[in-house]
Structures are given as structure tokens and as C-alpha cells.
Amino acid sequence: MGRKLISKGKSRKKSGMGILFGIPLLLFISGIALISIGSYNYLKSAFYISRLFIQDDINDNGKLKTVSSNIDSKKIVFPGFGDKFGDVTIKSVDLNVPVYHGDREEELLKGAGHYNGSRFPGEGSNVVLAGHRNSVFGRLKDVAKGDTVIFNTTYGEYIYKISEIKIVKGNDTSILQPLDTEKLTMYTCYPFDYVGNAPNRYVVICDLVQGTPLKELMKKGSGQ
Amino acid sequence: MSKLRNAVIYIISFLLMFALLSMQVSFFLKTRMLNGSFYKKVLGKSDYYSLIEKEIDFGFKNLSMVTSIPQEVFSESVSKEAVKALSYKNIDSAEGYMKYKGEYSESKIDTNKLYNNLEKYVQDNKLNGELKSQLTAVAKDAGKIIESHAALFSINSVAKYSQFQSFRRVLFLAYKNQLLTVMVTAILILFLVLINWQSLRKVLLWVGSSLIASSLMTIIPCILAIYFKIAYKYAIDIPSLKIALRAITLGYINYFLSTGVLFFLVGIMCMVIYSFVDKRERTKAYVMRRKARKSFN
Chain A
2 MGRKLISKGK
12 SRKKSGMGIL
22 FGIPLLLFIS
32 GIALISIGSY
42 NYLKSAFYIS
52 RLFIQDDIND
62 NGKLKTVSSN
72 IDSKKIVFPG
82 FGDKFGDVTI
92 KSVDLNVPVY
102 HGDREEELLK
112 GAGHYNGSRF
122 PGEGSNVVLA
132 GHRNSVFGRL
142 KDVAKGDTVI
152 FNTTYGEYIY
162 KISEIKIVKG
172 NDTSILQPLD
182 TEKLTMYTCY
192 PFDYVGNAPN
202 RYVVICDLVQ
212 GTPLKELMKK
222 GSGQ
Chain B
16 MSKLRNAVIY
26 IISFLLMFAL
36 LSMQVSFFLK
46 TRMLNGSFYK
56 KVLGKSDYYS
66 LIEKEIDFGF
76 KNLSMVTSIP
86 QEVFSESVSK
96 EAVKALSYKN
106 IDSAEGYMKY
116 KGEYSESKID
126 TNKLYNNLEK
136 YVQDNKLNGE
146 LKSQLTAVAK
156 DAGKIIESHA
166 ALFSINSVAK
176 YSQFQSFRRV
186 LFLAYKNQLL
196 TVMVTAILIL
206 FLVLINWQSL
216 RKVLLWVGSS
226 LIASSLMTII
236 PCILAIYFKI
246 AYKYAIDIPS
256 LKIALRAITL
266 GYINYFLSTG
276 VLFFLVGIMC
286 MVIYSFVDKR
296 ERTKAYVMRR
306 KARKSFN
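Protein chains in written order, with the working numbering: chain A, 2 to 225; chain B, 16 to 312.
Zero decoy hints are in this set.
Result set (DSSO-like, lysine-lysine): computed pairs, CA atoms no more than 27 Å apart in a straight line:
# : chain 1 : residue 1 : chain 2 : residue 2
1 : B       : LYS141    : A       : LYS142
2 : B       : LYS76     : A       : LYS142
3 : B       : LYS159    : B       : LYS147
4 : B       : LYS60     : B       : LYS248
5 : B       : LYS155    : A       : LYS111
Hints are computed from structural coordinates only; laboratory data are not their basis.
Please model the complete structure; the sequences and the hints are all you need to start from.
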């Protein structure tokens, strides 16, 4: 009789606790279920849209992590946007400037900017670099046809020879167009001593003389 | 009959849970999302304005490179206070637009001082006439640099989309109907009181359950957002914007977490009181029954 009473008391206690925990939990689960069913499509869209703005592969500087691979047991890094990936040297005018991928204000204040819509050295097309006339590309005014330009990148050295120097209008985008052969196009504002928004661009075009095509580097990298 | 009664009580509690959730959201809109003072406060506490200053300086440095005009000519023309005031104006304008109080217009900086400084620079350095003709354009460019950094919300770029207008409408409705959510909550509680009139302690059980369930709906997403560090993962490389979004997101999370915890604690309190009262009532009934049995014997 005593045992029966004790077990009755215990089960009553258990059902009491069950009510205390069960009702809120049941309400919560049914609420979540209703919201999920009612707004599944919206939640799905919101999730995918949020993936555009919230990324896991972002480093502390808010930039996408760079891609690297091993070629000939040497670690070779392909640049992310805003990363420095080489230097351009023209010995004849004592010019040596760092090159950054991207030609926003940030990159142009640090060195020469590699136009994002153009190709990388070794890709067999137009490689476009921009720079300020009163800092990194100030010495471009002294270069001459036939001068050697060395573009030392994180994945190899590319040597070019200046083939053309011209002045174009500020809004002339022909210098940015892709080409069938590899050329290095460097440009800056012109006239060099102009105060204000300079109306023209001073363009130096170079032909590739020496350098490993990227395709070959990639093949080596993948072990083919 | 008893089952039907319980079902009705459950449905009312279920509705009460949503009413409480709506109340949290509605007050969130009033005190956080559609409240200009909130943005001014969190941005003021963060590094937002010092970062804006750096970015504007950076913009001027670039403009100086492009135009060959010394950076000081631009930077001395704009004070920190003017930038802050412009940013406040933009926040107020965005708030007014979201609350249907007026059209949104991005505030413009007064470029007169910029223009005068540029003109003085031209005169001092006896520069050619071509730059003189460009002064307005250069002053405008410099003004744009400031304006683009001082506008946290770029409403103009999204206002043309119907989805944004629907979003705005829904927010405004929720914002406008705070009193309604409070009234609905009160009415639902009143229904629970009326249905449980003979055993009022049960009202505490159902209200407490609704409070706990609604609080979990905000606490769990907040905990997930904190755990996954959502506020720190914005893929934006403009430092001021990143800091601003982080501060705002943390402000939002903080609100929902604190109201959620408050609702949860009140809910737990209701449950504890219910538990005590119920136990006391049961003991009382048991003693009465024993007394009655004894007297019967």
C-alpha cells in the first residue's frame, strides 16, 4: 500500500514536470513548424542572399583568401583582389614600382594597379597597369621605344620591350581591350605637369619577349 | 468537453506566443530598427566616425594624386563636425523615409568652402586658366567623396525595387501597430483568465509557457548568431561600413537577447509560482479530503 502511494506520488511529480516543460516546448516546436512551413521559400531566399554578404572564406581584412599551389616544389601564390603580386622595373629610367591586383584608389596609392578586367602576365592577352603620374608612373615620360620592362610576378618573370608610346583621350577605352597576343599596357594621366583633372592619358605599350605562359605553369602545378 | 476546453486553451496560448513575439518585434522597430537615435548612439560608440575620417582623407589623397592639388587644400576645407552632421542628416532622412514621413534625399555637403580654398590655391600659385574653369568640378568631386562616406544608408539605390517597398510597408505596419500587439496580448490573456476562471493558477501555466516559447524564438537565433559570429563575417572591405554593420547587428542581437531573456525569466517565474500554488492547493485539498474522511468515519 505504502509503495503504491510512493509510486503514485512520483508519477504525479513526473507528469507535473512534464506539463511544466512539455507545454512551452510543444508551443515552441509548433510555432517554429508553422513559421517554417509558412515562410519556407522566403527563408530559403534569405539564406542564399545572406551567403552573398556573409562569407566564411574571408580573412581578417575582409578580403577573399588567396589561392596558392605548389609548382616545382615552390609555393606560388596567385593574388586576391588588392594583393601585391609583382614589381615592374624599367632600368633605363630607374623605375621600380610594386604592382597590386586591382586599380581602385587603394591600390593606386600604394603602387601600380593591375586593371581587373585585363589579363595576368603569361595569359597571352592585354595586361593593363595604371599608375599616378606624380608618383609611381612619373618616370614613364622618359621611357623610349625599345626599352626593356621586367615584370617580376609571384609566379615568374616576364620580360617585355616597349613597342609604342602614344597619347589618347581620357575617355578612350581602346587601350583596355583584350588582345590576341600578349602585350603590357601601362598608362597614366597626361600632361604630366597638369594641375586639375588631366584630360589625356600617356600610354606605353610593350611586347612580350620572354616568360612562361600561365597554361604551362598550371600544367606543371597539376603534375601533368 | 474537457478535451475541447484544453484544445481551445492551447490555441489561445499558441496565439499568445505569436502576439508576444510580435510585441518584441514591434518594440524592436520602435527602439532599434526605425530609430535614428539608436544608429547615432551605436555609431558614436564605435570607431565609425574616425574610420570615415580616415577614408575621406584617403579619398582626398587620391584626388590630390589625380589633380596634383595638395591634399591639405581639400582636407582643410572640411571639419569633422560637418561630416558627422551630414551623417546624422542622412540617418534622419532615412528614418523619415522608412516611416513614410517624407521622401529620402541624400544630404549634400556645402562645397563653398572647398571652392574658396581651391580658388585661393589657384591665385596663390598663379595657375593657368584651365584649372580655374575646373574648380567647380574638382570641388564637386571632393564633395562627392565626403557625401559617399557620410551616407550609411543608400536608400536611393534600393527605393526603385518593389520588394524593398513591400519590405518598407511591412516594417511600417509592424512599427505603427505596437499598441495593437499589446492589446491583442492583453485580450488573449483575458480569454485565458475567463476560460480558467475556476482555477486561475492555470493561467500562470499557459501564460508562462507562451512567454518561454516566444522567448526561445528570439534567444535561439541570437545564440546562433553569436556562436557563428555573424556580426564579424560581413564580406565588405570598406572598414567604416563593416564596423557600422557590426555595431548595428550587435545592437539588434543585444535587444532580442535581452528581451528574450526577460520574457524567459518572467515565464519561468510564472511557472514557478504556478508550481507552488498548485502544490499548495493540492495539499490543501488532500488535507480537506482526509479531514472529511476522518469525520465521516
